[in-house]
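K.L.:
Keeping their order, the protein sequence lines are chains A and B.
Quick note on the numbering used here: the first sequence kicks off at 125 and runs consecutively.
Quick note on the numbering used here: the second sequence kicks off at 2 and runs consecutively.
The hints are simulated quantities; they were obtained by calculation from the structure and are not laboratory data.
Worth double-checking, as some hints may not be accurate.
Residues from chain B that keep clear of chain A, each with C-beta distances beyond 10 angstroms, as calculated [unchecked claim]:
1. MET2
2. LYS3
3. ARG4
4. THR5
5. GLY16
6. GLY20
7. PHE23
8. THR24
9. GLU26
10. LEU35
11. GLN45
Cβ-to-Cβ under 10 angstroms is the rule here; a few derived chain A residues that face chain B [as the list claims (entries may be wrong)]:
12. ASP138
13. SER148
14. SER190
Restraint-style ranges between C-beta atoms, simulated for each label pair [stated by the list, open to error]:
15. ILE236/A - GLY39/B: 17 to 25 angstroms
16. THR213/A - PHE23/B: 35 to 43 angstroms
17. LEU170/A - LYS3/B: 44 to 52 angstroms
18. GLY16/B - TYR200/A: 18 to 26 angstroms
19. ALA201/A - PRO29/B: 15 to 23 angstroms
20. GLN45/B - LYS175/A: 44 to 52 angstroms
21. THR178/A - THR42/B: 30 to 38 angstroms
Only a predicted model underlies this, so the values are computations on that prediction, with no experimental measurement involved.
Beta carbons are placed, not taken as given, at the ideal position from N, Cα and C, and that holds for glycine.
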Amino acid sequence: MAKIVLKDAFIQVDGTDLSDHVSSVTLEDSAEEVDLTAFGADYRELGQGLKDATITATVFQDFAASSVDSVLAPLYASGGTFGVVVRATSASKSATNPEYTLTSRLFTYSPIAGGVGEASTTDVTFRNAGTAGLQRGTA
Amino acid sequence: MKRTYRVGGAHSVLGREPGAVFTAEIPPDQEARLIQRGSLTRVQKDAPKKEKK
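Required output: the full structure, derived from the provided sequences and hints.
P.N.:
Printed below as a string of structure tokens:
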């Protein structure tokens, strides 16, 4: 398997492909460290506790119909859940191009952010909102 | 329930390019959001013609 450079990452939010408006994306899946150390131990014994997952993305804002703002603003306003799908490339999911899916909620949304002369981007954090966490699919 | 949709706007939706017509079963709440923001429009299929007796 070759090393990869992210040039064609795929990100779909609630069914809409926003890849051509996204400049960075990060998936994070983590577990709490639970201390299971008992007397007599020399080293701490750590177990995995509850897990959490987050997808963060930097998105170029677009107020056109059915584009960035019209996707994200209602999702934030409603507080409901929706799916986010990410792949390293836009090719179909496969063993060499796994697809990650997260049932998410938006807790913050900045429709306008940036300084003079800068592109209007917004950093979006999709937080885990389902029991399954970050799902990895290859077929 | 499967329905027929046309992709609107400039972004692909559910893997279909803008302008594409496709048939799929979309969860009702997601369907409502996609239609509300103009990502999808429903395509009415012609009712089947009745046979003449």
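K.L.:
Determine for every hint whether it applies to the structure shown.
P.N.:
Here is what the structure says about each hint:
no., hint, in the structure
1, MET2, "holds (17 angstroms)"
2, LYS3, "holds (16 angstroms)"
3, ARG4, "holds (14 angstroms)"
4, THR5, "holds (16 angstroms)"
5, GLY16, "violated (8 angstroms)"
6, GLY20, "holds (13 angstroms)"
7, PHE23, "holds (12 angstroms)"
8, THR24, "holds (15 angstroms)"
9, GLU26, "holds (13 angstroms)"
10, LEU35, "violated (6 angstroms)"
11, GLN45, "holds (20 angstroms)"
12, ASP138, "holds (6 angstroms)"
13, SER148, "violated (18 angstroms)"
14, SER190, "holds (3 angstroms)"
15, ILE236/A - GLY39/B: 17 to 25 angstroms, "holds (21 angstroms)"
16, THR213/A - PHE23/B: 35 to 43 angstroms, "violated (23 angstroms)"
17, LEU170/A - LYS3/B: 44 to 52 angstroms, "holds (49 angstroms)"
18, GLY16/B - TYR200/A: 18 to 26 angstroms, "holds (24 angstroms)"
19, ALA201/A - PRO29/B: 15 to 23 angstroms, "holds (19 angstroms)"
20, GLN45/B - LYS175/A: 44 to 52 angstroms, "holds (45 angstroms)"
21, THR178/A - THR42/B: 30 to 38 angstroms, "holds (33 angstroms)"
The structure shown violates the earlier hints numbered 5, 10, 13, 16.
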